[in-house]
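*Asks:* This is what each chain is made of:
There are 2 protein chains.
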Amino acid sequence: MQKTQLLGFGTIGTGVVQVFQKNAEVIHQRTGIEMRLTRVADLDITTDRGVSLPEGVLTTDADAVLTDPNIDIVIELIGGYKPALQFILKAIANGKHIVTANKALMAVHGQEIIEAASRAKVDVMFEAAVGGGIPVISAIKENLCVNRFSTVIGILNGTCNFILTKMTNQGSDFAPVLAEAQQLGYAEADPTFDIAGVDTAHKIALLSALCFGTRIDFNQVYTEGITQISAVDIDFANQMGYKIKLLAIGKQCDGAIEVRVHPTMIPKSYQLAEVDGVFNAVRLSGDFLGPAMLYGSGAGMAATASAVMGDVMAIGRSICSGAVGRTPIMGYCQDQIVDQPLRPMSEITSHYYLRFTAVDCTGVLAKISTILGQHDISIQSMIQPESHAPDSVPIVLMTHEAQEANIVNALKEIDLLDIIRQPTRLIRVEHDLD
Amino acid sequence: MQKTQLLGFGTIGTGVVQVFQKNAEVIHQRTGIEMRLTRVADLDITTDRGVSLPEGVLTTDADAVLTDPNIDIVIELIGGYKPALQFILKAIANGKHIVTANKALMAVHGQEIIEAASRAKVDVMFEAAVGGGIPVISAIKENLCVNRFSTVIGILNGTCNFILTKMTNQGSDFAPVLAEAQQLGYAEADPTFDIAGVDTAHKIALLSALCFGTRIDFNQVYTEGITQISAVDIDFANQMGYKIKLLAIGKQCDGAIEVRVHPTMIPKSYQLAEVDGVFNAVRLSGDFLGPAMLYGSGAGMAATASAVMGDVMAIGRSICSGAVGRTPIMGYCQDQIVDQPLRPMSEITSHYYLRFTAVDCTGVLAKISTILGQHDISIQSMIQPESHAPDSVPIVLMTHEAQEANIVNALKEIDLLDIIRQPTRLIRVEHDLD
Chain E
1064 MQKTQLLGFG TIGTGVVQVF QKNAEVIHQR TGIEMRLTRV ADLDITTDRG VSLPEGVLTT
1124 DADAVLTDPN IDIVIELIGG YKPALQFILK AIANGKHIVT ANKALMAVHG QEIIEAASRA
1184 KVDVMFEAAV GGGIPVISAI KENLCVNRFS TVIGILNGTC NFILTKMTNQ GSDFAPVLAE
1244 AQQLGYAEAD PTFDIAGVDT AHKIALLSAL CFGTRIDFNQ VYTEGITQIS AVDIDFANQM
1304 GYKIKLLAIG KQCDGAIEVR VHPTMIPKSY QLAEVDGVFN AVRLSGDFLG PAMLYGSGAG
1364 MAATASAVMG DVMAIGRSIC SGAVGRTPIM GYCQDQIVDQ PLRPMSEITS HYYLRFTAVD
1424 CTGVLAKIST ILGQHDISIQ SMIQPESHAP DSVPIVLMTH EAQEANIVNA LKEIDLLDII
1484 RQPTRLIRVE HDLD
Chain C
1064 MQKTQLLGFG TIGTGVVQVF QKNAEVIHQR TGIEMRLTRV ADLDITTDRG VSLPEGVLTT
1124 DADAVLTDPN IDIVIELIGG YKPALQFILK AIANGKHIVT ANKALMAVHG QEIIEAASRA
1184 KVDVMFEAAV GGGIPVISAI KENLCVNRFS TVIGILNGTC NFILTKMTNQ GSDFAPVLAE
1244 AQQLGYAEAD PTFDIAGVDT AHKIALLSAL CFGTRIDFNQ VYTEGITQIS AVDIDFANQM
1304 GYKIKLLAIG KQCDGAIEVR VHPTMIPKSY QLAEVDGVFN AVRLSGDFLG PAMLYGSGAG
1364 MAATASAVMG DVMAIGRSIC SGAVGRTPIM GYCQDQIVDQ PLRPMSEITS HYYLRFTAVD
1424 CTGVLAKIST ILGQHDISIQ SMIQPESHAP DSVPIVLMTH EAQEANIVNA LKEIDLLDII
1484 RQPTRLIRVE HDLD
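Chains E and C, in that order, are what the protein sequence lines are.
Going by my numbering, the first sequence opens with residue 1064, and the numbers climb by one from there.
Going by my numbering, the second sequence opens with residue 1064, and the numbers climb by one from there.
These are calculated hints, taken from the structure and not from any lab test.
Treat the hints with caution; some may be incorrect.
[Said to hold, decoys possible] A few chain C residues that face chain E, going by a derived Cβ cut-off under 8 Å, partial list only:
1. E1205
2. A1319
3. S1360
4. M1372
The C-beta atom is built at its ideal place from N, Cα and C for all residues, glycine as well.
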């Protein structure tokens, strides 16, 4: 029998308790392992979560239990950096295996945790940290491990995708849809972490590290959220055959790695464009695999608990068969992981959607396109709809592939022109998925 | 170092050799294991496959090498029943672990292989048997193992999906598109196995066994191919908001298991409806996971080789860590797998698309709907387009949920009416995916 301690009895923690209680039979049938949840620690042990635990299981003293020699596996669902990191390090020091859903912690303090785990010869698993119930981390580390990955692209934040989907379907602007999402419980009271793209950045930092065998300095990940997306840009995207998604992009090309998060236009015909609402998806491209996509519930109590418990059982199997450490924590043997700086944003290339707001007179397009041309930017298509504003007109351009630095410099110059009424909107466009 | 023998140097075998040759470095970085391909056996060792092997590796004598004590893992890519089964059983008897892409063999003779492997304490893996490069088998057995699955639904045959996609996009009938698929190499010279649904049935038998923990008698799997699908049905489906796909369906509901393969109408808005061309996808629904979908290349040299080699490395890891048998071959402990008869087709319920071909006179719909009503079948929607045939008119009905036996009996009765000119076409409709 293996004994498990749960730290953090919130929503996902409650889901984990439910899996233990409802599916013990199927777990035993599949693994032959009897897994017991012997301790559940939370500061709040009075709120009714709708599940009942045997006497003595619930405790407020997480710290004390971490040294209990009867515990084999510690599940950390507290979230955030403190005290989660200290608890995890203490558990590892006491020989416990770790399962966590904490993307922020793994993205920022992963290295420290992994080194401690290596010394203590324990496993650390974090499938639930990315994509909720979708088994993408395991797929990269195990089944697809013979591939060299060129791209890993994801829709990884349910809140953002819910908001963008609503904005797209209703033609609404950002603020009212955010309010609606908050009412429905799909966005936090303070939604900054989600809508600013930080949560997505944590996740793509982890996926990129797993795919490319490199340590990713989270602070280098370019992160742009969805707060600037407007109904008008979604409408123009639609007219041109695109949808706007908050994409997390990891690429390995021309000897460098790109990891970035930003609103991105993708052709409507792409599978990723069909990922709507709170669902998540990850698209992987491997040299033998080709393209593949994994899709599912990106968050929520039940799906995340499924992933957490999948990890718990994997560790259970490893303990039983004496195979702890069978698969390296980050998918590459520790001594094979390299530090590789990310390609600076100025050096990436992309197609770009540019929306200029200009005075309504002749010669404007000529002035804009001249400056673009001087910066090596060529135009792929253009729409110039009738204006509804009294003194300005939108001009929407889609560029061919261009370098980000050139785009930034050109826009700086263009936005200084007296014919330009508002700062130009830029949205990157992805349509060369291999 | 671990040594591998490959049986069958065809297309996928060549892909496997390429993985060994091109990606040895990344495999070593990820696993720390040095894996060598020491023997490749095929009856034909003279054809140039575009890869070169060291002297002494290639042999025509597969059988002799199976007893070589230096070989740890045997990869079987011969396909079919004979001599693949004999080779595998001999390899197992000699303590070799098995990786195979052979769905027919696993679906029909899996039990014999698994029992032999259990006795010999070796692993048998077959990820490449279903869905090409998509890691679905492993997901069911490992990451998602804490779930009770209610449905597993797949598009599992690239040939059929290519043909149906072409028919849909071009408005063509079956025969010319099949010919085109054969020219392009997407269909075999004798395509029966694919287009009759047999290949799909092998795959869903395996997936259902893995999901539901039961032995599936392959002969009980209802199997209907795509040869009867016509452009006219695809067009009506489209008008009503549906696409026609060859779906493989495994369901566990009301205490019984259904496993069936047939052309199926699904709403265009479903993710599965977007799976086009030679791509495959599997949609799983688990009690905690909720719905999830895995999508990717369903066949082809490279993607299938990726899956084969994923299995080879998993076994390699298990050998190195002493964890052979860590995960049961069919996802459930052998003594927990039950024999459960499948629900007979007459007892399933579904929505149905019915296309009647009737004389063009008043009262026809009344007669049809009276008989349907007498068999407890109610109509959800109807379209009656103008006829282009001189003496008959199509009447297209979509039913509410009905029992298959009632539908069959009603159609028998209706098709005997003198107002009916041709046997009625029936296509099942799936739109209650949970």
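*Asks:* Hint validation: E1205 (chain C) versus chain E, beta carbon distance must be below 8 Å. Holds or violated?
*Replies:* Hint holds; E1205 (chain C) Cβ to chain E Cβ min 6 Å, cut 8 Å.
*Asks:* If you take the shortest Cβ to Cβ gap from A1319 (chain C) to chain E, is it below 8 Å?
*Replies:* violated, 17 Å
*Asks:* Take the shortest C-beta to C-beta distance between S1360 (chain C) and chain E; is it under 8 Å?
*Replies:* With a closest approach of 5 Å, the S1360 (chain C) hint holds.
*Asks:* Quick check on the hint: M1372 (chain C) CB to chain E CB, less than 8 Å?
*Replies:* holds, 4 Å
Comparing the model with each earlier hint shows a violation of hint 2 alone; every other hint is respected.
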